[in-house]
Amino acid sequence: MKAFLRIPRFARTPSGAIGLGLLVFVLLVAFLGPLIAPDSITETVGPPGQSPSGPAPFGTDFLGRDVFSRLLNGGHSVVLLGCAATALSYLLGVTVGLVAGYTRSVVDPLLMRTMDVLLAFPALLILLVLATGLGAHMWVLVVGVALVQLPAIARIIRTTTMEASTRGYVDAAVARGERPAAIMRREILPNVLPVLLADFGIRFGYSIVLIASMNFLGLGLTPPAADWGLMISENRNYIALNIWSVLAPAIMLALLTIAVNLTADAFVRSLGRSVGRGKRRRPSAVATALADLPAVAELPAAGGPMGGAR
Amino acid sequence: MTTTVPTRGDLISRPSRRARMRMASSHPVVAFLIRRITAGILTLFVASILIYGAVLVLPGNVAQVVLGRNATPDRLAQVDAQLHLNQSVPGRYWHWLTGMLTGHFGNSMASLAQGQILSVSHAISTPLKNSLVLALITILVFIPLCLLLGTLAGLRAGSKTDHAISLTGLALGSLPEFLIGTLLIAILFSELNLLPAVSTIGPGETPFTHPNQLIMPVLTLLCVSVAFGTRLLRASIVEVMREDHVAMARLNGIGERRVISRYVLRNSLGPSVQVVAQMIQYLLGGIIITESVFNYPGIGTTLVQAVSVRDPQVVSVVAMLLATIYVAVNIVADLAVVFLVPKLRTSL
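The listed protein sequences derive, respectively, from chains A and B. Heads up: the first sequence at position 234 corresponds to 238 in my numbering, and the numbers run straight through without jumps. Heads up: the second sequence at position 211 corresponds to 273 in my numbering, and the numbers run straight through without jumps.
Calculated directly from the structure, the hints in this document are not laboratory data. In this text the structure is predicted, and so the values were computed from the model without any measurement. Built from N, CA and C at the ideal position, the CB exists for glycine as well. Please note that the accuracy of each hint is not assured.
Derived contacts from chain A toward chain B, CB cut-off under 8 Å, selection only [said to hold, decoys possible]:
{"hint": "1", "residue": "Ser19"}
{"hint": "2", "residue": "Phe125"}
{"hint": "3", "residue": "Leu128"}
{"hint": "4", "residue": "Ala135"}
{"hint": "5", "residue": "Gly209"}
{"hint": "6", "residue": "Ser217"}
{"hint": "7", "residue": "Ala244"}
{"hint": "8", "residue": "Asn265"}
Here chain A stands alone, though its shape is the one from the complex:
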């Protein structure tokens, strides 16, 4: 399709273009920022809570550290943790969904009822309960966010797997005497993947929100780390001194979440119709089309009709 040539179709809609532009900007700040930050994140450069001035464009924070340097250093943690958590949730969700959907033994209800139990908690509660038991660590955060996202992914994969496993090519594989694990990986997985990747962007955005929230509560990264969420919570009691010590990281985080969501939304919309029709007949066409997308790591990677499902 011509539409996928260079500028992907979703980026041609206004909201898609705005979202993608913002996303590129925030990611540049997050990943190139540490290279150009003038000061170290722990260095005291002036009196606490100083207003913006020449050498410190956003002033100093409550400990007299340069807000601008910390801002440039504070983005990559949330993006990387968000990626790790989303990747883990897909890994777990796909495994659970494939096993439950393909085997259809006692394992299926067992797994799916466990997923239901996970759904009976507000998302933040899962993270808080884990943090109580295991303490505030980065890996607890990643595991917690993965657990929050796991049930929804497992459900989608299970349904799609059940549908896919009635197909002829699966029967053929069974007749060839292939092991169930191999059938799931080689025959079914490639065919459920497009459906899955549709809401990658939305899930990634959600991961970021959860991680930033935990950092804000002081239950994720620990000081003196520079992280946008943590910076907001550290400085909010001193907001009267230098409003930019709170506002700057808040704006960056807001831009990041809005950008991810706008892009994901535009992307799902742009694929909704064409993929919805083509999915049944030629899943490989979808896969090829999606491979042409820009390689910005955090873009929602592929499409399908499941879009917008939270």
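Starting from the known structure of chain A, arrange chain B on it as the hints suggest.
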């Protein structure tokens, strides 16, 4: 006029009294209710195992973790006794579970570390009331606001109004609560100095002592949630507008205002119940962080504080409580929808 005297055939085919009673209890709605409640109880049972395992078994030596640097042999023994740490894990769990079911929630471990004894029920009762006030006010504003915006966007689907509402909603809805709260503080407190940034509700006071301190928390919760409520209502209104009976009503010359109020809005009622239910479920998580932003003395702040000082008893009780409300709301909402939308009853 036809006769109403039953024929012989009718009498024979009429089910016996016992059979009729069996039918009554196997009425789809009743059976549905029983099924849902059983499933809910099972879910909560498994949830209790998970919560207990995560909070009171995973840390290993709970007493040491809880007391930290305040550990003295005395207090260690106190915590051991409190949590029945000398027993096996299933035994400890059993004590905890029976305590939960009978309302004996135990004592706050953090208070033990300070050398005092504070029961969990005492520690959470006032915050619970404060949170309830916050949640109720939010829902009372939420419903009319969603109805208004959802109807506006739905009736003019594709128009500029619709796009503006959707886009604002998408942007606001993708922001975490603490960001909206922080931005509100930055604008309404720092710049305009209109509202207080943090709650100063003291012990013995109710949220109504300082009503203006409720505004920002409510506003924060609304900003995050109204978008999603509006979205669902808009979708349902757009769908109903396309249905034949609406076209029929219009063709019959019924005024547009009446068509909307009687034919469109009424049929969008089922989804609205779901919206309210999901709003309550959202609030259960949303207040946790919103209250923390404004130091509002509710259950969320209590929970976050308990997590940061690692007070397993308080965390487990609050977590169980929130999970129970969550599951109960789900069941009630499903039931309400079944009552409101008769057509769903057949698919039970």
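Hint by hint, which ones does the structure fall short of? Failing hints: none at all.
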